[in-house]
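Here the structure of chain L is known, so what remains is to put chain P with the ligand in place on it, guided by the hints.
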Amino acid sequence: MPRVRPNIPRIASSLITPESVYMSRRRLLRMAGLGLGAAALAACTPASAPTRTSMPASAIASPLATSDPKFKTDEFGTKANSWDEITRYNNYYEFSTDKEAVADLAANFKTNPWSVTVGGLVDKPKTFDLDDLHSLGEEERVYRLRCVEAWSMVIPWMGFPLSRLLREVQPTSKAKYVRFEAAFDAAQMPGVSSPFYNWPYVEGLRIDEAMHDLTFIATGLYGKPLPNQNGAPLRLVVPWKYGFKSIKAIVKIDLVENQPVSLWSAAAPSEYGFYSNVNPERAHPRWSQATERRIGELSRRDTLRFNGYEAQVADLYTGMDLYANY
Amino acid sequence: MRITDGGRRSAAVFPSAIIHFGALLPLCVLAWRAWRGDLTFNPIQAVIQSSGRTAVHLLLLSLAATPAALLLRMPILTSVRRPLGLYAFAWAALHMFTFAVVDFGLNLPRIASELREKAYLWFGLLAFGLLLSLAITSTRGWQKRLGRRWKILHRTAYFAAALALLHFQASQKAEINMVVVYYAPLLAVLLILRLPTLRKALAARR
Ligand code: HEM
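In the order they appear, the protein sequences are chains L and P. 374 is the number that my numbering gives to position 222 of the first sequence; each next residue is one higher, with no gaps. 432 is the number that my numbering gives to position 9 of the second sequence; each next residue is one higher, with no gaps.
Among these hints, one or two may not hold up.
[What the hints assert, rightly or not] Pairwise CB distance ranges (calculated):
id, chain 1, residue 1, chain 2, residue 2, range
1, P, 534, L, 475, 20 to 28 Å
2, L, 477, P, 605, 32 to 40 Å
3, P, 495, L, 476, 57 to 65 Å
4, L, 476, P, 539, 15 to 23 Å
5, P, 555, L, 346, 37 to 45 Å
6, P, 539, L, 421, 17 to 25 Å
[Claimed, not checked] Derived lysine-lysine pairs resembling BS3-like cross-links, with alpha carbons at most 30 Å apart:
id, chain 1, residue 1, chain 2, residue 2
7, L, 404, P, 596
8, L, 404, L, 278
9, L, 376, L, 251
10, L, 251, P, 596
11, L, 404, L, 262
12, L, 251, P, 541
13, L, 251, L, 231
14, L, 262, L, 278
15, L, 326, L, 278
Simulated from the structure, these hints should not be mistaken for lab results. Because the structure is a prediction, the values reported are computed rather than measured. No residue lacks a Cβ here, since even glycine has one placed at the ideal position from N, Cα and C.
Only chain L is shown next, with the shape it has when bound in the complex (with noise of 0.2 Å):
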């Protein structure tokens, strides 16, 4: 098991490679079967542009080769994906199945104005407005995603933590469970006319694994707000489970008593279970679960336990037989 720190953002974000930088440098990546390796890797990392367009081409193009130590990077020291990989390969089925194409599908949905209600077993309801949602505050967490298909990334979100929004309605003794339930809107959502699945997109965490510093609601992303395709303008991030736990666009958030159905478990309760720790012992008929493709690069990695996040989650789950509870 590799040394787990907990993740502080311990990067200022005027220092942040610009995202023109990764996008060129994982683009030779991408060339598959070019064996274009670490020295493409180490060449052209200028510090501290903050926005793409900032940036001049000739720049990007640096051959030099310094290794720089303003990368974003998991608390592995593993640099972040690229802007352009992050906001161009989403699993968003409310707007298509195919990766590739939800940005543009996702690029004029409506995010403004917002709202989230949140209920069920609290002492005090409220319904958030975006400006209610940002005075909750915005940190920076680097955290590994990793997809139940196998492919992975490492994120820099920005938001706050769960647990913050969740003191704020004040949940009851009874509440066990938390529901959450994404915007569903056919009119803005082509994928949702699909008719295998049982929208709008439901998920759910247990109370504790909630109220966990992990858990996490994201609004940004590399310092910017979050993109549509990315789940805007809320989306939960709950780097120890499979990314589809991670919901995007919420509307509605419950204090429940008994365990929420969510639409992959009900879609296939064989292959996605309730609780979806990421899990290298566990097979999924399909995809590999003992290693993953972390995109942008060329060569499997072995997939950690809780996504790497075992030291800080495993208590959450003592005592249970986590294959059983998959």
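Structure of chain P with the ligand alone, referenced to chain L:
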């Protein structure tokens, strides 16, 4: 292009350039996309998926040759069976190579555990084994050596196609997919067209 079927039927050979072109074009497309860095953000998956599909397309086309020759009264078409089948095998080999060497870096324990876990890989492996044996025995020499058994052996191409479709089907997330609505019915039609009675009726048509 016009192909006439008058004259020396048995000697007529379908222009092989068309087959080479058609079977290699998808390779050029893949190479072009790789060169442009346009193989999606998950390039290994893109290559595995497109090579698998191309293999299926060529295999089904190869199986369609005999019925098409009968239906269109173009006996020349039967000569495309072998090259298309061989190309299907080559694409399946590229598909498997990408899986085993590029994706899994020939890490045998990992590959073994994938095989243990996933039934659909066995369908693919079996299909590949059949295609391999058909490719090896596709020469005139083997045809002579095996005599009547050659025909029986090469009818297992249908079985290989069915296994490949099972493999394809089981690799998909959606339950209703291309295999169910398109490829499997197509294979079923091809099989029905080979039923002896139908076949004879077709051949006897004037
Ligand atoms: C040892 C043999 C084989 C192995 C290890 C293998 C492996 C795989 C894997 C891992 C996938 C899933 C790709 C993904 O969706 O990420 C796949 C899909 C597929 N394979 Fe194979 N395969 C084998 C043989 C074959 C053969 C012989 C054929 C066809 C003649 C074939 C056709 C396909 C097709 C059509 C797909 C679906 C592609 C798609 O989703 O578009 N495979 N195979």
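### Numbers of the earlier hints that this structure fails to satisfy, in rising order
none
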